[in-house]
Structures are given as C-alpha cells and as structure tokens.
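**Student:** From first to last, the protein sequence lines stand for chains A and B.
Our numbering puts the first residue of the first sequence at 1, with every later residue one more than the last.
Our numbering puts the first residue of the second sequence at 123, with every later residue one more than the last.
To be clear, the hints were calculated from the coordinates, so they are not data collected in a lab.
Positions of the beta carbon are idealized from the N, C-alpha and C atoms, including for glycine.
Treat each hint with caution, since some may be false.
One-sided and incomplete, this derived list gives chain B residues near chain A with beta-carbon spacing under 7 Å [claimed, not checked]: (1) 143; (2) 146; (3) 150; (4) 162; (5) 163; (6) 167; (7) 177; (8) 185; (9) 205; (10) 207; (11) 208; (12) 209; (13) 229; (14) 235; (15) 237.
Protein chains: 2
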Amino acid sequence: METQVPPREKCESADVDEARVRETQEHLIDGLTATRLAWTFKALSDPTRVRIISALSHHEMCVYDLAAALGMSQSAVSHQLRTLREMRLVRFRKEGRHVYYTLDDAHIHDLFHQGLEHLNHD
Amino acid sequence: METQVPPREKCESADVDEARVRETQEHLIDGLTATRLAWTFKALSDPTRVRIISALSHHEMCVYDLAAALGMSQSAVSHQLRTLREMRLVRFRKEGRHVYYTLDDAHIHDLFHQGLEHLNHD
DNA sequence: GTAATATGTGAGCACTTGTTCAAGTGTTGC
DNA sequence: GCAACACTTGAACAAGTGCTCACATATTAC
C-alpha cells in the first residue's frame, strides 16, 4: 500500500498546487549547493577518471605506471589528473623525476564504493 | 605472434614498476563497470538534475509543480526528466493530464545524501 | 654543457550537453 | 467537434568535455 497522500484535485486549484510548491521550495537545496554537489559528482562522471580513482584506491602511483596500467597515453592521464587535482580528488608528491598521486581523502573512496554497490544492486 | 615489447623498462627498477602495474591491473575495475559507474554519477552531475532529485526526495510531483518550484520552464524540466528516466533514476505514473514523478529507488536518495555530507565535511 | 627521462600544458578538433523556441502529443471539458 | 491544459519532443545553438599532437618544463645521468 502506498503512502497516504491524498490525491490532488487539479493543478488549477491554486491552494493545493501552491502549498505543494511552497513546501518543496522550503526543503529544496539552494542553487550554490546544487552546483557544488553536481561538481563533485561530475568529477566521477568519466570512465577514465573512475578507473584512475579505482587504481589509486589501492596505493599511490606515478603517472607513468598509471598510464601503463590503464593502457592510455601519459598525456591523456596527465590531463585527467589535472582535472582531478583541480577538483581536489587527488593529491601528489614529487620524488625526483616522479610524481606520485593518491586519493585526497576517504570521502572519495566512500562515494566510489557506494556507487559500485549501487551498480551491483540492479 | 609478434613480440610485444612493452614500452617501458625504465622507471629505474623495472621489476617494482611492473609488479605495481600488474597488481593494479588485477584490482582495477573493468571498462564496462567504469563506464556504467561514470554513467550513474553523470546523472547527478548537473545542478538542475540535482535540484530535481532534491525536490523529488520529499514526495512525488507533477512536471508543472516541479517547474514552478524550481523556477524553470516546463520544457527544460521535461528534458531533464527524460534524461533521469533513461538513467533509471526516476519513475513516473500518469493520472489524467498529469504525470507524477518519483525517485526510482532508495539508492539514489542515498547517493544524493552521501554527496551532501561530503560537501559539508569540507 | 647535452641527452634522456618523467611529467605538464596549450592548441585544435570531434563530440557531447543543456537550454530555448516552436511544434507535437494526449487528455479534459464544453 | 473544438479549445485549453499538461506534458513531450525536435531542431538549433552556445558551451563544455576529452582526446591527440606538439612543445615546454624539470630532474637525472653523462
């Protein structure tokens, strides 16, 4: 049995319509939050970036090895890493000629895995 | 078969490099999974869609009210709802002239809120 | 110093995305 | 029948994305 929301009359009955709209607006997240939230999800909305996150979720890696593991060009990987850097999803440290990347914090790991679980549930 | 010389034997110690790459590849999610996961996140990567999800997370709404609550044109909302439909994030039922939309399942709600918490933690 | 290695970056291009405008369904009421 | 309403859809366009290519750094080895 469904939730006991009384079936609405019409859209024309202004009070019901307006009440629903007004109540929704009160709980609605604001534009800035929506934009920032969308931005976060966008960081994970590309297969290449998802695979990079997947690789880095095990241990830090340098660009060269990352490119080898993913079977991609260094340039393409570097471009995506730049994006991930700007989105604060990854951190890096330099060691001689190498630059080692890691996930910035555990949150990313969590979101990544929550998404995976979501997939497996379907 | 041709001798596939891997284009790397530098990175100083070749064995560590290869072991790291090979181990990473074993744990790496496959291309299809990465694509599907990216696809899921992409559904949530637009501010308008995030706001629609936010609105629908409280109760089902028809397109007209949704447009009113978000302050957008019906057409723009309808286009995004189409995307959300194709991505299986929302469900709809028709009732006369109205089309009522709801979130498809609780997973979406969870991802949405996990993302929100992630924002608040920064 | 030069050369090789490891990574970064800008330009260019094909492709995708989100919006608006206009026209299209389908349902209701007269 | 017809008109109003609720919603969908197609075309068009600006804006954004991700790749390749070529060049620019920076570090190390010689």
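**Student:** Failing hints, ascending?
**Tutor:** Hints 8, 9, 10, 11, 12, 14 contradicted; others consistent.
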